[in-house]
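Trainee: The primary structure of each chain is shown beneath.
Number of protein chains: 2
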Amino acid sequence: MKKHNFSPGPCILPQQVFEKASQAVLDYNGIGLSVMEISHRSKEFIQIMENAQNLALEHLGLQDKGYKALFLQGGASMQFLMASYNLLETKAAYLNTGTWSSKAVKEAKMFGEVMEVASSKDANFNYIPKNYTIPADADYFHCTSNNTIFGTQLRSLPETDVPVVCDMSSDIFSRKLDFSKFSLIYAGAQKNMGPSGTTLVVIKEDILGKVSRSIPSMLDYRVHLEKDSMFNTPPVFAVYVSMLTLEWLKEKGGISSMEKINETKADLLYSEIDRNPLFKGFVANKEDRSPMNATFNLTDESVKEQFDSMWKEAGINGLNGHRSVGGYRASMYNALPLESVQVLVDVMREAERTS
Amino acid sequence: MKKHNFSPGPCILPQQVFEKASQAVLDYNGIGLSVMEISHRSKEFIQIMENAQNLALEHLGLQDKGYKALFLQGGASMQFLMASYNLLETKAAYLNTGTWSSKAVKEAKMFGEVMEVASSKDANFNYIPKNYTIPADADYFHCTSNNTIFGTQLRSLPETDVPVVCDMSSDIFSRKLDFSKFSLIYAGAQKNMGPSGTTLVVIKEDILGKVSRSIPSMLDYRVHLEKDSMFNTPPVFAVYVSMLTLEWLKEKGGISSMEKINETKADLLYSEIDRNPLFKGFVANKEDRSPMNATFNLTDESVKEQFDSMWKEAGINGLNGHRSVGGYRASMYNALPLESVQVLVDVMREAERTS
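Heads up: the sequence lines are chains Z and L, in that order.
Just so you know, this note's numbering puts the end of the first sequence at 355, numbered straight through with nothing missing.
Just so you know, this note's numbering puts the end of the second sequence at 355, numbered straight through with nothing missing.
Bound conformation, chain Z alone (with noise of 0.2 Å):
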């Protein structure tokens, strides 16, 4: 039996791309070799990256507005070196807002002058911080969209001047945002774009070049760019997987389409933590939370057992929380059906009948 699988990522993905991907391993569209035998220099596999790319935009809205899109390895945590590697010269201003920002904030001080506009790290980044002041003359402000850990979500975003990085690894293609106020945007595929093993960089082509350091080659953006994703052999397979995730999202009617399944899935569990006295939700601001990632925590620890077995038993799959937070995380990314969350409800209430 298919499980309900709330998987913090790698994570779901939708049914009909695991149906075309096991296809493709066999056979890739009829001609005698396997998605995984051919060639990067293939003309099939050339069109799948290149679709890739484009939808990827497409989907951002931003297409012919001077962005392209690469398919990089090494997920967000190679980014946030080949970030600060190629856009660091003096300062940078960063929103330090979980552990993956705390990260960013780690490799990006090896390469200039690191300022931490705000953080919630003195209360275990249980809320967005707000009212922080970016400094006109740094080189860029990086934040984190969504704190998979945590539970959070920034739900807006602050208006600069300064080129704006995000790491949107855990809900980009969840929500609308006006993707062209950011300069660069990377993400790790193994949320809502694909399987783990590929990073979708999204990339302002003039904010390159500013810097006077060397940078080596494969960490250069320029690099990159200048061989559109095939300076060296790039990941076929979680590429091709990508661009099958994408097309799906297209069909579904892109990014607007699933924002509004994303509230209702959320909705419907925000609802039950709240109602629910047996569960409380970790994040403090209810207009923090991440319609992706909702972390919660039992009220009486005394029936975690009795929860544990019989999730569970329903099938669900991935629920445990990050041992930074405890407790359970829903990750809700746009794969997992509402019915998997109904289930997930379902569940909560017959917890609090029996308990």
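It should be emphasised that the hints constitute simulated quantities derived from the structure, not laboratory data.
You may find that some hints are simply not true.
A pair holds if it fits inside one copy or across any two, identical chains being indistinguishable in the list.
Here are the simulated BS3-like pairs of lysine-lysine, each with C-alpha atoms no more than 25 Å apart in a straight line [as the list claims (entries may be wrong)]:
id, residue 1, residue 2
1, K20, K2
2, K2, K312
3, K304, K43
4, K43, K312
5, K250, K20
Here the structure of chain Z is known, so what remains is to put chain L in place on it, guided by the hints.
Mentor: Frame of chain Z; chain L shown alone:
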């Protein structure tokens, strides 16, 4: 009809690997989840990673000898950078035998003095230099064991007391070597080990910690070693398919058995190249020829069109030579059956008869 796939990489993998991987994309081991949607922290994936690491060390005969195996991202191109970032304090010695060696040299120059102990660039890399001296005070000696583009292989390794770093991307697991003579071995998976998207790094731990510079987390071998290849989200599917391929290799009798089969395949093709007046091998000296990648040209370019249509009609894929060499390249990695080489040889004979 399944193609005879001579692609230089990404390349053919064993059919049973394609079949198992295809099934796991739908449902991994009957757990109700695709292998692409399981958490990298799940017991299922931890077992896959450990199994892949153990098999890699076992095949190389490096278990319990102070080595660890990592599955990273970014291919050999990232290792050109990481090797020098982690190991190059003052001076390193590089043997330049082709495009990839040259790229490794280029990246290393950012970190210290690079001494090219020998190069075959003077003859478009159609031979392997011998009788060079490796300075005893070099931090390490770097070589490329097999040159995919030019079709040469280091049949023996120089004796030296400095640590040896080797890019084995295109011939790892294909022949017996005393692997304990290497301090660092790296290989992009996409030839003999798996699909593109992961890189095997086998490292002798005692060579680390000797440079004075700070190393960014994602480029620091110690960081990845400390976290057993799980510092960041690994490329789950690529590691899984690599594990399947390493299991297949074990079933087939390991590297020794594979080496015999590879020699048979290479003998069959090179004999035909040498016998058939229509063809001429690219590599100057027979002893430098690679059993993995056989490069050859037509002696009469006027038959090109006919020969090209003949091999395509026979179901052969990926035979075109790299643009730096021209002509043809037959890549005969572990998973390529002898039968496919026979089909190619038959076509070469037929081309001779009808020309």
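Trainee: For the identical chains here, do K304 and K43 meet the 25 Å Cα criterion within one copy, between copies, both, or neither?
Mentor: between (54 Å within a copy, 21 Å between copies)
Trainee: One pair to classify: K43 and K312, alpha carbons no more than 25 Å apart. Within, between, both, or neither?
Mentor: Result: close only across copies, 16 Å inter versus 45 Å intra.
Trainee: Indicate which option fits the pair K250, K20 if close means a Cα-Cα distance not exceeding 25 Å: within, between, both or neither.
Mentor: within (16 Å within a copy, 30 Å between copies)
Trainee: At most 25 Å between C-alpha atoms: does K20 with K2 qualify within a copy, between copies, both, or neither?
Mentor: both (17 Å within a copy, 19 Å between copies)
Trainee: Can you tell me if K2 and K312 fall within 25 Å by alpha carbon in one copy, between copies, both or neither?
Mentor: Answer is within: at 13 Å inside a copy they meet the 25 Å cutoff, but 42 Å across does not.
Of the hints listed earlier, there is not a single one the structure fails to meet.
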